[in-house]
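K.L.:
Sequence:
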Amino acid sequence: MKILITGAAGFIGHYLALRLLARGDIVVGVDNLNNYYDVQLKESRLKKLTSQANFTFVKADIADRTAMAFLFENHQFDVVVNLAAQAGVRYSIENPHAYIDANIVGFLNILEGCRHRGVPNLLFASSSSVYGANTALPFSESQTVDHPVALYAATKKANELMAHSYASLYQLPCTGLRFFTVYGPWGRPDMALFLFTKSILAGEAIDVFNNGDMVRDFTYVDDIVEGVLRLVDHPATPDAAWSGDTPNPATSYAPYRLYNIGNSEPIPLMRYINALESALGKKAKMNMMPMQPGDVRATAADVSRLKSDVNFQPNTSIEDGVAQFVDWYRTYYNA
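Residues in the sequence shown are numbered consecutively from 1, following my numbering.
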């Protein structure tokens, strides 16, 4: 298949591209290589892809309407996977306009490209952050998600609604992927694991929010990508049992689906830090901090829908996943 991946130089995007190329697909990767975090890391990921014959890189911003129209006019994609976004919950408080440009305007350009070219399968990154103020754990795709606590979450919820409207109006098969805290080698430098590792190795204290009383459904990147791969081959279809009298947000009368992709084993933050200390062979100094604006105390994924529809459930343990990250970090940074 010919597959478009936006955000191809990103953490999840480059892993997905490698898996698709390995099985023989043709991949076109789009990324704007912005400086939200270390561009050199993005270029290092990209170098792993550009050496392969079936990969084409297009440097472009999905918010650039003309560039996206040109891209879709010049390629006929079998699948589009939209992973490009302005990421980060806390950064959305500092720079809200970046989230509207990338996550709203950019996603509209992707939807329009898919509509006009008749793309038979669109997958797009949503986020566990859409659950917002919900406290009923584990989070299920059938719960309402109308109380976001950060603009980033609001843009991801907007993506789900935009996709449903296109699925309904144009029968465009759309699948939303609610990723739960992703970690692993080649990860994002703004994420806790990266920040903690760098500080612990430097002998500096780490900031531990909500005094360590945090729980996250940390999900190893290989598990995330395996879930996405299975959905690449499983386009959304209408749900014959869907009823407007009792509407289920996870499915629709239109070809539309939402899936949690999480480890389904919520991990206390202190266990996460302990796993990192063990992998590094060094204890962490900790600054106990209050809860940050836009954060939530706990996340946990109900992945039963993913398991029933594509027979997959992530299962990498936090200890194994953190150790893999540390091995990569020491090698990449000669640490």
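Be a bit skeptical, because a hint or two may be false.
List time: in silico DMTMM-like cross-link candidates among lysine to aspartate or glutamate, alpha-carbon distance up to 25 Å [said to hold, decoys possible]:
id : residue 1 : residue 2
1  : 2         : 327
2  : 2         : 190
3  : 283       : 233
4  : 285       : 204
5  : 282       : 207
6  : 285       : 239
7  : 2         : 78
8  : 48        : 277
9  : 48        : 207
10 : 282       : 226
11 : 198       : 78
12 : 47        : 295
13 : 282       : 204
14 : 285       : 309
15 : 282       : 320
16 : 2         : 94
17 : 48        : 204
18 : 307       : 320
19 : 2         : 38
20 : 2         : 226
21 : 198       : 61
22 : 307       : 295
Source of the hints: derived by calculation from the structure; they are not laboratory data.
K.L.:
Each hint needs a verdict: does it hold in this structure or not?
P.N.:
Hints and how they fare:
1. 2 / 327: violated (33 Å)
2. 2 / 190: Given pair residue 2, residue 190 is violated - Cα atoms ~32 Å apart, limit 25 Å.
3. 283 / 233: violated (44 Å)
4. 285 / 204: holds (7 Å)
5. 282 / 207: holds (16 Å)
6. 285 / 239: violated (51 Å)
7. 2 / 78: It holds: about 5 Å lies between the C-alpha atoms, which stays within 25 Å.
8. 48 / 277: Violated: residue 48 and residue 277 sit about 30 Å apart, past 25 Å.
9. 48 / 207: Between residue 48 and residue 207 the Cα gap is close to 33 Å, so the pair fails against 25 Å, i.e. violated.
10. 282 / 226: Violated: residue 282 and residue 226 sit about 32 Å apart, past 25 Å.
11. 198 / 78: With a Cα-Cα distance of about 41 Å, the restraint between residue 198 and residue 78 is violated, given a limit of 25 Å.
12. 47 / 295: Not OK: residue 47 and residue 295 at ~34 Å, beyond 25 Å, violated.
13. 282 / 204: Holds - the C-alpha atoms of residue 204 and residue 282 are around 12 Å apart, at most 25 Å.
14. 285 / 309: violated (44 Å)
15. 282 / 320: holds (17 Å)
16. 2 / 94: violated (37 Å)
17. 48 / 204: violated (32 Å)
18. 307 / 320: Status holds; Cα separation ~22 Å.
19. 2 / 38: Violated. Residue 2 to residue 38 sits at ~29 Å, over the 25 Å cutoff.
20. 2 / 226: holds (18 Å)
21. 198 / 61: Outside the cut-off at roughly 30 Å; violated.
22. 307 / 295: Cα-Cα ~28 Å, so violated.
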